[in-house]
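Protein chains in written order, with the working numbering: chain A, 911 to 1217; chain B, -2 to 171.
Simulated from the structure, these hints should not be mistaken for laboratory data.
Here a beta-carbon is modelled for each residue, glycine too, at the ideal position from N, C-alpha and C.
Among the hints, erroneous ones may be present.
Claimed, not checked - Simulated DEER-style distance windows between Cβ atoms: (1) B:6 - A:1071: 42 to 52 Å; (2) B:13 - A:1177: 47 to 57 Å; (3) A:1107 - B:20: 36 to 46 Å; (4) A:985 - B:48: 29 to 39 Å; (5) B:6 - A:1117: 15 to 25 Å; (6) B:9 - A:1132: 54 to 64 Å; (7) B:9 - A:932: 32 to 42 Å.
Said to hold, decoys possible - Some chain B residues judged to face chain A by a derived CB distance under 10 Å, without partners named: (8) 34; (9) 65; (10) 67; (11) 84; (12) 113; (13) 117; (14) 118; (15) 123; (16) 131; (17) 138; (18) 139; (19) 149.
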Amino acid sequence: MNERYLWDRGGPPDEEIVQLERTLGTLRYCPPAPARRRARWPIWVAAAAAAVICVGVIGSILSRRQLTEWRFDNGRQIRTGQTIETGALQGAKIEAADTGEVTVDPASRLKLVRSRTGEHLFDLRRGTIHAFIWAPAGQFVVDTPSSKTVDLGCRYTLQVSSNGNGLLTVEMGLVAFERDGVESFIPAGASCVTRRDRGPGTPYFGDAAPKLRTALDRFDTSGDPASLVDALAAARSRDALSLWHLMTRTSGDKRAEVFDRMASLVPLPAQASRELILRGDSAALDAAWDSLHFGDAAVWRKWKRQW
Amino acid sequence: MLLMPEPREQVRFLVRAAQKGHRPAFESLYRAFSGMVHGVLLAHVRYSDAEDLMQDVFLRAMQQLDRLREPEAFGGWLCAIARRVAFDYHRGARAVDELPPEIPGGDRPDGAAFEVLDRIRELPESYRETLMMRLVEGMTGPEIAARTGLTPESVRVNLCRGMKLLRERLEGMQ
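Only chain A is shown next, with the shape it has when bound in the complex:
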């Protein structure tokens, strides 16, 4: 493959890419021709333009320095330090145009700790939130009693029970859980438990075998060696997600067992050699992760490096 051609159409044309461009170019979007004399925008554009002006005026009247960019869906702005406590039957929805939106389920308690350009910190003490975040990775963070949840560009649901344990389920993108140097990275379709006494657990895909989930639960709570054997036996190639995390949480012979099982399920690049992984080489772990295609390791390397 001619990567230069793929990047900017420079260098000699790559036959395969040229063929794909020809084939797929038939589906390209063609915007309507520009108006010559008078703007010929559809009615929806004119209506929206009027709405923009109205909302802009209202927004400027409401703006106050002590208020944040977060608002309820009725437009009311939220202040730093304000707690949103929903009743047993009614939830709430908040949104910040440059950051994302958060739906707070009934019986939840969410506090806006801090909000400024590039940093939005919430604290979920109990209940459930559904976050849809479009801010750059690492800017939207939710503290819970057992872990810090860092958005890496995604849509997810975070639940915190009354005992402080939590469950994160990711629908789009990637989310990181972190506490005291223990990190879990959860891609779309996966979930991860976090416990008040132990922090982030091992992520697993929603369609993983019950045996694997049970084994991971035992491993996360007790470190039982037999649970590791069970987890390795129950893992499919897609469960390399869980195995990669187990590699970062084991050492010596145990890590070797995990590596061997993972290498038997998915092809690992040369940079992620057995020797380097057993040494805990961070670049090798990055390379192993990248080969799984759940997201580029560089995304969170920018945010924080812990392993």
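With chain A held as given, fit chain B onto it using these hints.
Below, chain B alone, put in the same frame as chain A:
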């Protein structure tokens, strides 16, 4: 082409003007970013739905434009709206299969193109949108980075890895 290699200043100017209600400025933004939005939508919905949803995306953008405080972030912000519109569409969509290519009236210019489109949609999320913009919308890597706000490095990685996976899948089809 409205947006040349250094588009930031122009985008900032156009967004500021559009926020003040200047319709031609929004029209220029629409023209400059429509390919990107269409690429994002194609990564998530069927071709036949993507064109309809274009209107929803730009309408929503126009209604919320005054809340965008950093005009330079317009591209990434618009991508997020497009993803949201696609997500909302799936949440409310009926389970209808796309018309097969052999049925007339299916609005399918090329059956082979739809086969490839389906293979791209099977790829990991991070590669889908970038490949749609590059291969369908004809944008180059630098243009994708400039429009979306992603770093050139990320776009390059997504293109190379996505293309490698796409090739494997296309080989599997033959």
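For this structure, which hints from the list above don't hold up?
-> The structure conflicts with hints 3, 5, 14, although it agrees with all the remaining ones.
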